[in-house]
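Chemist: Sequence:
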Amino acid sequence: MKGRRQAGLDQFLTYRLHALTKRSDRGIADVYRHKLDISLPEARVIAAVGAFGPFSIMELARHTNLDKSQASRAAEALLRQGLLERSASDEDGRIVLIALTVDGRALYRKIMPIVRKWNEGLLACLSDSERQTFERLLDKVATHAAERDD
Numbered sequence: 001m002k003g004r005r006q007a008g009l010d011q012f013l014t015y016r017l018h019a020l021t022k023r024s025d026r027g028i029a030d031v032y033r034h035k036l037d038i039s040l041p042e043a044r045v046i047a048a049v050g051a052f053g054p055f056s057i058m059e060l061a062r063h064t065n066l067d068k069s070q071a072s073r074a075a076e077a078l079l080r081q082g083l084l085e086r087s088a089s090d091e092d093g094r095i096v097l098i099a100l101t102v103d104g105r106a107l108y109r110k111i112m113p114i115v116r117k118w119n120e121g122l123l124a125c126l127s128d129s130e131r132q133t134f135e136r137l138l139d140k141v142a143t144h145a146a147e148r149d150d
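If you're matching positions, the sequence shown starts at 1 in our numbering and goes up one per residue.
Calculated directly from the structure, the hints in this document are not laboratory data.
Treat the hints with care, since some could be wrong.
[Unchecked claim] Okay, derived cross-link-like pairs now, DSS-like style, lysine-lysine, Cα gap no bigger than 30 Å in a straight line:
hint : residue 1 : residue 2
1    : Lys110    : Lys22
2    : Lys35     : Lys22
3    : Lys22     : Lys117
4    : Lys68     : Lys22
Since the structure is predicted, the reported quantities are computational estimates derived from the model, not experimental observations.
Please model the entire structure based on the sequences and the hints provided.
Modeler: In structure tokens form, the structure reads like this:
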């Protein structure tokens, strides 16, 4: 009975994407922990702030696909380590923004090659043509999902 339910779940895109994400996250989390002594949420925060920041916690949660509480805990840990710093928003002084410190930027420069290599490893089973098709279709489904949310 359990096997039949499992086979049924494999028919759903969201289940398959979630399973792939969890498998990938476990692997990259181990790499971050062993090479950089940081957690996966912390690495995502550093990567997002490094690429697009500074952010408020709400913006950070959206950009990292973390819950607000996860993003907040990761940011607090990175603030304690001196990798992030707080400042008031120029547009609205009530909003606190977080940005990378000098040490945070150095960590960002270490994270990006690791995540690029991990990404390349995941996609290595695809030809260039398959990769382009996969990325195009993934973008199409993501856009459709976002439109359904509106």
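Chemist: Each of the hints needs a verdict: does it hold here or not?
Modeler: How the hints compare with the structure:
Using a Cα cut-off of 30 Å, the hinted pair Lys110 and Lys22 holds, with the two alpha carbons roughly 23 Å apart. Taking the CA atoms of Lys35 and Lys22, the gap is near 20 Å; set against the 30 Å cutoff, the hint holds. Distance restraint check for Lys22 and Lys117: the Cα-Cα separation of roughly 18 Å lies within the 30 Å cut-off, and the hinted pair is therefore satisfied. Proximity of Lys68 to Lys22 is assessed by CA-CA distance (about 19 Å); at most 30 Å being required, the pair is judged to hold.
In this structure, none of the earlier numbered hints is contradicted; all agree with it.
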